[in-house]
Structure formats: C-alpha cells, structure tokens
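Enquirer: Each chain, letter by letter, is given below.
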Amino acid sequence: MHKQTIKQLMQGLRDKSFSSTELTQHYLNRINSLDSEINSFITITDELALKQAATADVLLAGDTKLHDLCGIPMAHKDIFCTEGVRSSCGSKMLDNFIAPYNATIIENFNAAGSIMLGKTNMDEFAMGSSNETSFYGAVKNPWDLTRVPGGSSGGSAACVAALFAPAATGSDTGGSIRQPAALCGLTGLKPTYGAVSRFGMIAFASSLDQAGPLAKTAEDAAILMNTLAGFDAKDSTSMPRDKEDYTAKLNDKLDGIKIGLPKEFFSDDLDPEVATLVNNAIKELEKAGATFKEVSLPNSEYSVPAYYVVAPAEASTNLSRFDGVRYGYRCDKPVDLMDMYCRTRGEGFGDEVKRRILIGTYALSAGFYDAYYNQAQKIRRLIKNDFAAAFNDVDLILSPTSPSAAFKLGEKTNDPVQMYLEDIYTIAVNLAGLPAISVPCGLKNNLPVGLQLIGNAFDDARVLNVAHQFQQLTDWHTLCAPFAKKG
Amino acid sequence: MQWETVIGLEVHVQLATQSKIFSGSANKFGAEPNTQANVVDLALPGTLPVVNTEALTLAIKFGLAIGAEICTHSVFDRKNYFYPDSPKGYQTTQMDYPIVGPGELEIELANGTKKSIRIHHAHLEEDAGKSLHEAFHGSTGIDLNRAGTPLIEIVSEPDMSGPAEAVAFAKKLHSLVTNIGITDGEMSQGSMRFDVNISIRPVGETTLGTRTETKNLNSFKFMEDAINQEVERQIEVLESGGTIAQETRLYNGDTGLSRPMRSKEEANDYRYFPCPDLLPIIIDKSTIEAIRATLPELPEAKKARFIADYQLSEYDADALSSETKLASYFETCAKTSDDAKLSANWVMGDVSGLLNKNDMHISACPISAENLGALITRIKDGSISGKIAKQVFESMWAGEGDADTIIDAKGLKQNSDEAALESMIDEVIANNPKQVENYRAAEADKRKKMTGFFVGQIMKASKGQANPGLVNKLLAKKLNG
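So the sequence lines, in the order shown, correspond to chains E and G. Counting from 1, position 151 in the first sequence corresponds to residue 151 in our numbering; the numbering is continuous, with no gaps. Counting from 1, position 319 in the second sequence corresponds to residue 319 in our numbering; the numbering is continuous, with no gaps.
If you are wondering where the hints come from, they were derived from the structure by calculation, not from laboratory data. No residue lacks a Cβ here, since even glycine has one placed at the ideal position from N, Cα and C. Some hints here could point you the wrong way.
[What the hints assert, rightly or not] In silico PhoX-like pairs for lysine-lysine, Cα to Cα no more than 25 Å straight-line:
| # | chain 1 | residue 1 | chain 2 | residue 2 |
| --- | --- | --- | --- | --- |
| 1 | E | Lys287 | E | Lys444 |
| 2 | E | Lys243 | E | Lys65 |
| 3 | E | Lys293 | E | Lys283 |
| 4 | E | Lys384 | E | Lys258 |
| 5 | E | Lys354 | G | Lys79 |
| 6 | E | Lys51 | E | Lys3 |
| 7 | E | Lys384 | E | Lys293 |
| 8 | E | Lys378 | G | Lys79 |
| 9 | E | Lys7 | E | Lys384 |
| 10 | G | Lys357 | G | Lys171 |
| 11 | E | Lys333 | G | Lys130 |
| 12 | G | Lys79 | E | Lys234 |
| 13 | G | Lys410 | G | Lys380 |
| 14 | E | Lys234 | G | Lys410 |
| 15 | G | Lys449 | G | Lys463 |
[Claimed, not checked] So, partial list: chain G residues that the calculated Cβ filter (under 10 Å) puts toward chain E:
| # | residue |
| --- | --- |
| 16 | Val40 |
| 17 | Pro87 |
| 18 | Arg271 |
| 19 | Pro274 |
[To be verified] Restraint ranges, calculated between C-beta atoms of paired labels, are given here:
| # | chain 1 | residue 1 | chain 2 | residue 2 | range |
| --- | --- | --- | --- | --- | --- |
| 20 | E | Pro334 | G | Ser116 | 48 to 56 Å |
| 21 | G | Pro33 | E | Asp95 | 23 to 31 Å |
| 22 | G | Asp284 | E | Phe266 | 39 to 47 Å |
| 23 | E | Asp336 | G | Glu32 | 25 to 33 Å |
| 24 | E | Lys354 | G | Leu295 | 31 to 39 Å |
| 25 | G | Thr243 | E | Asp336 | 27 to 35 Å |
| 26 | E | Lys486 | G | Thr140 | 48 to 56 Å |
Start from the sequences, fold in the hints, and give me the full structure.
Expert: Written out as structure tokens, the structure reads:
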C-alpha cells in the first residue's frame, strides 16, 4: 500500500481494496517501527489519525460526494499550527506549545477528510538547508542515512521518501520545499506567493514564505494543491481569486511550449554530472514538443545576498513575539524583565536562528537600513523584472534545483555561507513570488538530483502540467529510496 | 530674561470601531482581563493581521474634518521594541506614509482672536495592552484587552505658545472628534490621551530650544498643570546655567508631579520597516467622497447656522454647538417650542446648571428635549408663568411626569379668567383701604412701585396661578379708577 501514489490510494479507498483505517494503521506501523532511524517526525498523532480515519471510513461507505483526499493519510510540517497538537516549528522555544487553533491549510485538509499522521521534523523556524538546525535532531536521508535530506522541510521530504506517508506539506521561503524534494527524489511545489494561505503557518519571512506539497508525483502535487490553495480572508497577502482546479491542465500536450534556460544557471560552475542530467531532461522534453531558448536573469547573482538581508530582517521581527511572556519557553526563575527576555531567547533559540535574528536586526538598524534593507528590496525588484522580461519570451524556465545531490551530515554545518549557497537556484523564485517545482531527473552516485521548472505568477497549473508530462516520459520519480524497501 | 514657550501635541484617539484594528475581537472598554483578546491579539505563532476597514473610514473622516489631504497610498510599518504589553514585540503603526496628511484646526484665544494650529499628519496604529502591577505580588499581570484597539495619532506642529493655547487646541480637537463620532471621547477611560512636547526660548529667538515630552495626559487640567510645571522647571534649569535634557517625562495626576521616564539618547532604535503581512492601503477618490458625504455638520458650521437661523448670541451659539448631543438637544427643544431664544436660555441655564450640579452629561438628562420644549410652549401660550415653570421643571427633573401632567395634577394652570381675577382684585382692594389710600395719594411715578404690594396679595390669593400680565392690567384700571 505504502508504495502507491495518492491517485492510486484514492482509487483503492473507493474500490474498498482497503479502508482508511487500514491504510492509516499501516503507515503508523511503518512510522513507529522505522522512523527512529530517520527521525522525520517530531510528533506522531496515532490516536487522532485513527479517529480521523474512522470518520473518513464512514464517509467512504456513504453515498455523499467525496473529496479527493477523503481518507488519505498525510504528514504536516511542524511549522503549521494544529489545534490540540504540539506545533514546535523545530524549536525548543515552542517545544511546549500546543496550538489552540488550526492553520487554514490544516482546516482545509481536515474539511477534505484527510488524515494527519503526525508533524514532521524541520530546521528550527525553517532556517536551514539540511534539517540539522532542528531542536529535535537531524533527519537522515532515506537514500543514504549518512546524508542530509535537505531543508528546511527535511522531515516532510524524508518521511515521504521513506514511504511513511504518501505526501506531506512543507513550506518554502528560499527553497525549503524544492531542495529537500530534489535531495530525496520527490516532487515538490512552491506555489505562487499568495496562492496558499499563510494563516497559522509560523512565520519565518512573511513576504517569501509559501506552503506547498511534497509528493511522489506532479499529479499528486496537483491534487494536493486543490486543497491547499485558495483565498483566505485571514491572510491579507492571500490573493482573492476563484478556486482553481490544478489538475485541469495536467494532460495538456507540450507541443509549442517555449522553455527558457537562464544562462546564469548553466555557467561553468555547474556540477558537470548535474548538468548532464539536466541536459538529458531537456532532450526528453524536446522530444515531447517543447522548444528551448536561452534567457538571461542578469541580477540572479545578487539573489542570495539580497535574500540574506530581506529574510533575516523580516525574521528578526517575526520572532520577537517569542519573549516568554504568553506561551512557549520561559527561562527558569528570571530575576527581572530584562533577564527573562535575555535568558528566554538565549536558551530557547538555536545558533542559526540567533545568527539570522542578529543579521536581520543589524540590517534594519538606524544608519544601516538604506544600505542593506532598502538596497535588498531594490535588487528584489530588479530580479522580479528579470523574470518578467524572460516570461515575455518563454512560457516556463528550467534549471537545476540544487547545485548537487545530498551532502553528508555535518559537512556544511560549520560553514553557513556554503549552506546558504545550497539555495542558489531556488532563492530568486521566492524573491519574485513565482511558482516552481522540483522533479527528479536522475541519480548522481545513486543519489537523486532535481530539476526545477519555474512559471509565471499564478501559472502553477502550467508548471504542474510540464512536470506531469515529464513524468510521463521518464521514470526517475518512481525510483525508491533503499531505506523505503524496509518493512 | 523673558522666555517664550513652544508647544506641540501628539494626541492618541481611540477609534470607536466595532472590532479591533487587526483582529475580530470586540473593541470595548472595561471587560474582564484578557476576555477580549483572540489568537491574533495574543500574537500566537502563525497569526496574521487583517486591517479593519472601519478604522480606515474613521481616520479618513478625521482627515476630511480638518481639511487635510487623504493619502490614497498609505503603509503600515512595524515599530520594533520589547515590552510585555506589546505582544508581537512590535507595534504596527504608520511611519513614512500616514493615512492623513497636513491639515489645520482653528482655536479661539481668550481675547477673542483666532489662531490656526497646523496638524503635521495623523496616522493609524494599534494600542498596546496594559501591565497590571497591583494584585500580583512581585510580578506583573498583563491584560491584552486593549491591545489592538485602533488609534489615530494626531501630530501637531509646534504652534502653541502656552498652556491656554494647548488646552484650547485639545478641547477643540476633543469637540471635533466626538462630533464626527469617531471616538467616544471618554478621557477618563483613555479614549483620548495627550503627549505634550514643550520647549522654551528667549523671546525673539527663532531656533527652537531642546524639548521634553510629557506623556499620556488624560485630562485638560492635568495638561495645563503639567505644562505650567514643565515650563517653570525649564526656566529654572536654564536660568541657573543648566541645559535641558531631551527626555520623556511622566506626570502623575494624583501627586501633580512629573519625573523623567527615559532619556531619548538611550532610546530604542525602533527599526521601522514596512509590515510584510499587510499590503499598502490604497484608497480611491470615490471612497473618500463617499466618506465625506457621511460627515456630520462640523462644530464651526453649526455655530454659524445657530447664529443665522436662531439669532443666538456668539457666546450661546459657541456653547451649544461645541458638543453634538448638547446641540441636538437644543435644536429639538427649539423646534418643539418654536422658540430658540427661550430654549437656549433654558438649556444653558436651568438644564446645564442641574447637570453640572449632579455631574451628569446631557445624554443622561432626565428631561427629554421634547418635554422641555413642551414646557416652554406652556410658558409661551400663557398656561403657566415663568415662575411656575421653574417649579414644573423641578418636578419634571424629579421624574414626576411631563409638563402637562404636572400642571394638571398640581393645578398649576395660570388663571386668566378676567371675572375671577377682578373679583380677587376687588377683595384685595376692599381688605386694604389704607394701602389704597396711600396709593391714590402718591405721585404717579411712585405708584408703579406701590403696585407690587397689591400684585403680591393677589398672587398669594391665587396660589401663584394668576396671570401676572393680566393682573397688572386689571389692577391698574381698578386702582387708578
């Protein structure tokens, strides 16, 4: 059962090949017996999951119109607030925080009748590209347990790659869905900014954060998007637009589609093996009728520095609410208010979070604001313009997702800049607010490599369409991590 | 040395919206601590603000009322600082792009001349919660009911030259914001709070002296007191060779003393930047015009109308137009009685007198404007005398009913029956031959004064109900033969 896609599981549930309770129990058994080796879950919600499954089974037995995801188990990144369940964001600061409300996307999944298996591990407050900054310990990549799964949605990627769940939610601020999807051999979509509600998703960088799916196929990602996306009056940055069927364009043919190749992403710096795999993918798409053209994103070299001003700046104030006053961690026996603030935040946050709070605070300080924050926002505008100009010529842009395959645990933990460069191909997309997907496009030394397809704003369905068509031509997405064969 | 005082005000006005500025919690004063604070107000992780459009409307109303430019593009910023009653660790406010641009407000000085006070801008922001130090031994309680209450902060230019002007401006502003209905104006509940920036300089000097800011004054009296004290303090410091430190000061209304709160030099770097959770506020011209159409008559216009339509004196018109409820009370009364002058006299005299004595607001007046108008009508149609009217008024105040009910029940209707009055007069003349003799012997110019005795006797005989005009007329005829 655990090898099936959501699409297949939907059929199985409807055909009564298995019940949601059986399916849920099966996944829970896998998680409980095997996750100690992967550490992809922070919290496993057995009881809640089985309760939800029982409810779903009643619906599945009835004759009412079923939602696609009715009875389908899923895992949710611990960045989403879940009522009555710990929502830690991977931090000691929120280790004791049981949310009294649901994030909008959790409400959506609940309304659809989907099952929550548990909350997945992540880099603390989504700050990291290897899932090594989590208070709950590093997550291991099911393709090679000595390697990282990527981050920050490392737990979500690892749990799907380990076949502990057919899909999981993630969040992507600079690549946090796409990079772990690439490193774990999955399909991961970062939707257009404003397509998915941010309400209840613990904020890292408000103007960049976007929730999205990590799945086995683009088709599953599209099915998930139908539940994830939609206008939410509780999020002022959510785009008021009609509900869209993200599966509608999946089977559109690629004849005549124009795809841009940004020359800046295909320079000599690119890992040759990754370059070969990406070029093979281009040939496959050409066979299906796509045409390719070189485009330029001249300001992309500034995307990492601009991102590392904007994101920490927003984070530095988003994380001010964690002060020990109302909820979350509070230091032991504070002597006065200042002592409470200093020790609560000093003890509650990990090093990477503190590093980014310091960078962001500095970038916003009087005298530095114009040189850093303002300048970064200008660069952001230029990057947005670069994409807009490219999309005048092409329908989609293709690039690698990540500079290489999964790296070793601990390999980059002492070099923040090397870690930050993991997101060199993904960050510009967040700065421009565009949709992008990572799909598996081959193996390098038996480790998955990802291909990134970037669309114009609210062209998410087109991105999913091309990804799906690519997956009709190739079978990289069907490869299974060695660990997943256990159990 | 002769010193001159320069004052600028920053005024926080709580807007009377149904819900808070960024959340759906009720915006009411006085609830049990933390019962009006939802997940957004508590700044739980993942919660997001959504702008309450009613707050925008009220801010725009204010801007239109002071003739200011309404900014069609305004931006919310985060002002970052840590304090337990600021749950997000920042206040959402407006820094570079406030919703209301420059405007002005005219005040009247004691000598009757007028002065225009410039308003630099007004911006929207959220109020903080409250720290409760009593009742928690050794620790502090936090009540977040007030957190997220919509405020406009109105920032004046340093155009006031002393406490009288500052208080006149504050009162004028209070009258304006309550008139246009954007706040309840309850100063004792913190609905309107004043920060006063004060500096002094030698007369003739053009550059400004170093200023101090006295924060959170919530009564006109405290404001006047605080200014007087601070000016005196600054003069003392400068005249003894010292310098003024730029600082924030707190005035304690109970002790009447002020002390420095924190020095601006060591103040926080607030790291203002545009709030990424909120999009810029775009307001189109048609929305502004629609809001303009809902503006009530402003006090200035009302005053002019009272003078033109009701022939009221400048003084009466000013007093009666200063507050919406008082003005509408007066107008209703004037319409019911069809006598503006008498209505003005009653509202400003007897009604205001009793209200003041009982420390009551016009909205709590036990006599409705219609009922007061009906009472005045009875004076005008001769049913009762002015003197009896006072008695009826007191009974009405005591809740004994409307004018006609009381007049009937107590038999207070004025006696204008000529025959009955004549016989009463005849009886008084017959019973007082000596006074009649004296009267008739007196010179004509002395007689008028002597009539009083007879009128008094007749009023006594009629239990005050005799029509005084008629009595005078009939009496003169009888006495003079």
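Enquirer: Run every hint past the structure and note whether it holds.
Expert: We went through each hint and held it up to the structure:
| no. | hint | in the structure |
| --- | --- | --- |
| 1 | Lys287/E / Lys444/E | holds, 23 Å |
| 2 | Lys243/E / Lys65/E | holds, 18 Å |
| 3 | Lys293/E / Lys283/E | holds, 13 Å |
| 4 | Lys384/E / Lys258/E | holds, 20 Å |
| 5 | Lys354/E / Lys79/G | holds, 20 Å |
| 6 | Lys51/E / Lys3/E | holds, 23 Å |
| 7 | Lys384/E / Lys293/E | holds, 19 Å |
| 8 | Lys378/E / Lys79/G | holds, 22 Å |
| 9 | Lys7/E / Lys384/E | violated, 35 Å |
| 10 | Lys357/G / Lys171/G | holds, 21 Å |
| 11 | Lys333/E / Lys130/G | holds, 23 Å |
| 12 | Lys79/G / Lys234/E | holds, 22 Å |
| 13 | Lys410/G / Lys380/G | holds, 19 Å |
| 14 | Lys234/E / Lys410/G | violated, 65 Å |
| 15 | Lys449/G / Lys463/G | holds, 22 Å |
| 16 | Val40 | holds, 9 Å |
| 17 | Pro87 | holds, 6 Å |
| 18 | Arg271 | holds, 4 Å |
| 19 | Pro274 | holds, 9 Å |
| 20 | Pro334/E / Ser116/G: 48 to 56 Å | holds, 52 Å |
| 21 | Pro33/G / Asp95/E: 23 to 31 Å | holds, 27 Å |
| 22 | Asp284/G / Phe266/E: 39 to 47 Å | holds, 46 Å |
| 23 | Asp336/E / Glu32/G: 25 to 33 Å | holds, 28 Å |
| 24 | Lys354/E / Leu295/G: 31 to 39 Å | violated, 52 Å |
| 25 | Thr243/G / Asp336/E: 27 to 35 Å | holds, 32 Å |
| 26 | Lys486/E / Thr140/G: 48 to 56 Å | holds, 54 Å |
Hint violations for this structure: numbers 9, 14, 24, all remaining hints satisfied.
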